[in-house]
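**Q** Going down the list, the sequences are from chains A and B. Take the first sequence: its position 6, counted from the start at 1, is 605 in the working numbering, and no numbers get skipped. Take the second sequence: its position 72, counted from the start at 1, is 254 in the working numbering, and no numbers get skipped.
Read the hints as simulated data drawn from the structure, not as lab findings. For clarity, every value in this text was computed on a predicted model and none was experimentally measured. Fair warning: there could be bad hints in the mix.
[What the hints assert, rightly or not] From the structure, some residues in chain A lie toward chain B, with a derived Cβ separation under 10 Å:
#, residue
1, His-608
2, Gly-621
3, Ala-629
4, Leu-662
[To be verified] Listed next, with one range per pair, are the computed distances between beta-carbon atoms:
#, chain 1, residue 1, chain 2, residue 2, range
5, A, Gln-642, B, Gly-269, 17 to 25 Å
6, B, Ile-199, A, Ala-655, 21 to 29 Å
7, A, Ala-655, B, Ala-237, 23 to 31 Å
8, B, Ala-237, A, Phe-666, 24 to 32 Å
9, B, Asn-312, A, Ala-615, 31 to 39 Å
10, B, Ser-188, A, Pro-643, 14 to 22 Å
11, B, Ser-316, A, Ser-659, 12 to 20 Å
12, A, Thr-619, B, Arg-210, 35 to 43 Å
13, A, Thr-625, B, Leu-221, 40 to 48 Å
Positions of the beta carbon are idealized from the N, C-alpha and C atoms, including for glycine.
As a plain string of letters, each chain reads:
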Amino acid sequence: MLLFRDEGHVDRWCEARDLTRGATITPEQAWRLAYGWYKDKVQPQWRRHTVDEAEALLSSVGLNDAFWNLRG
Amino acid sequence: MSEPPSDIETLARDVRIYVFREAAASARVPQAPDISRALGRPESDVRAALHHLAAGKVLILAPNDGNIWAANPFCAVPSGFRVSAGGKRYWGICIWDALGIAAALGTDAVIAAPCGDCGDAMTLEVRGENLVRSEGVVHFAVPAHHWWDNIGFT
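Isolated chain B, as found in the complex (with noise of 0.2 Å):
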């Protein structure tokens, strides 16, 4: 029999499910006063949440501030991996994650990223599930198992 959830999981799920459902649907990440607001929950029980969550690898925090700088796929803030869809404009870290995010909100979604190498404007376009659109290679230049040993820079 497993054990009950704890406090901190409980509020961490919770969190978890505003957090996505609210970038998805406005095309922005809330952070913790957004969140604390929203829940009903002091603000430093939501940091800790956060950081429950990060250590999980749900999201990622930015090292200085310990805002949320990604629920990924969502990025926080602007970057160079723009998606558009539904009539909003959102963010990836990379274009794995651009890419997740039309797949993460099931729409269609036009991706505009640029040539790592030259920064070239190139566009990817996801339609019905499928990528209609496509062009240039996707480098990964960290082997799968090391990853997360420094996810901004994967």
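Excised from the complex, chain A in its bound form (with noise of 0.2 Å):
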């Protein structure tokens, strides 16, 4: 995951390497989710995100279309 300066940027980095575009967010939204997902991980009771828990913390942000779909 990459910061760019906007999304013209973004499409230049693609078009450079002939990859499809994928899909932004704004910085909020990614440290809303690095939050939710990083926030416990030094602590020793730590476990990984359900499925389930990952979709959720990705729908409160508001990220639902297909490109977020963790089940494939």
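Two chains, each in its own frame: build the complex with the hints.
**A** This is the structure in structure tokens:
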């Protein structure tokens, strides 16, 4: 996951690599995802998120379409 | 009634706790020899525990030498995603992990990252569990259900 100056820079990066464009989110959404994903990672009681929990986290920041589907 | 943890699971838990605690406290991800000394366990056992953790997607091993590449969100080697927090410098393997370092530490942090296209320096800042400085957009090249197919590219 890379940070880009704007959507035009994403397009240019994808075109230069002949890659299909993925999805963009705001840094605020990325922060909320990262916070939910990692806030307990250094704690002894940490455990991996279940798929249901991960889906709920993605959904909580408005990521509901097929790109964010974890079940394939 | 659940099965008691196996020896490898017990050691893997100890290794996990040590690695992440040390990475957070020192900004340096310990490697197998360090972990072996700290836990008083043979390095071969530690490496087996690291492979167990990698298989469980708890951390990522480098493909060539089996060293820890990332106890994600903490990257073991310098990267373009630099996080300054608590007077220390950390690295993430991507922008999500750089933000994740701030989350895992639970401290204020300044994140410096290049634009993926033009390389221009960009800055994000977390303060009091809020993103208070922000610019740009975050691009995910890979759909979510393929993230772990090639986590290095993701």
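**Q** Now tell me if each hint is right for this structure.
**A** Going down the list of hints, with the structure as the test:
1. His-608: holds (4 Å)
2. Gly-621: Hint on Gly-621(A): holds, closest Cβ of chain B at ~4 Å, below 10 Å.
3. Ala-629: holds (4 Å)
4. Leu-662: Where the cut-off is 10 Å and the nearest Cβ of chain B is about 8 Å from Leu-662(A), the hint holds.
5. Gln-642(A) <-> Gly-269(B): 17 to 25 Å: holds (22 Å)
6. Ile-199(B) <-> Ala-655(A): 21 to 29 Å: Cβ of Ile-199(B) to Cβ of Ala-655(A): about 26 Å, so the range 21 to 29 Å holds.
7. Ala-655(A) <-> Ala-237(B): 23 to 31 Å: Given a distance of about 25 Å, which is inside 23 to 31 Å, the answer is holds.
8. Ala-237(B) <-> Phe-666(A): 24 to 32 Å: At roughly 27 Å between Cβ atoms, Phe-666(A) and Ala-237(B) fall inside 24 to 32 Å, so the hint holds.
9. Asn-312(B) <-> Ala-615(A): 31 to 39 Å: Check passed, 35 Å falls within 31 to 39 Å.
10. Ser-188(B) <-> Pro-643(A): 14 to 22 Å: Holds, at about 19 Å.
11. Ser-316(B) <-> Ser-659(A): 12 to 20 Å: holds (18 Å)
12. Thr-619(A) <-> Arg-210(B): 35 to 43 Å: holds (37 Å)
13. Thr-625(A) <-> Leu-221(B): 40 to 48 Å: holds (41 Å)
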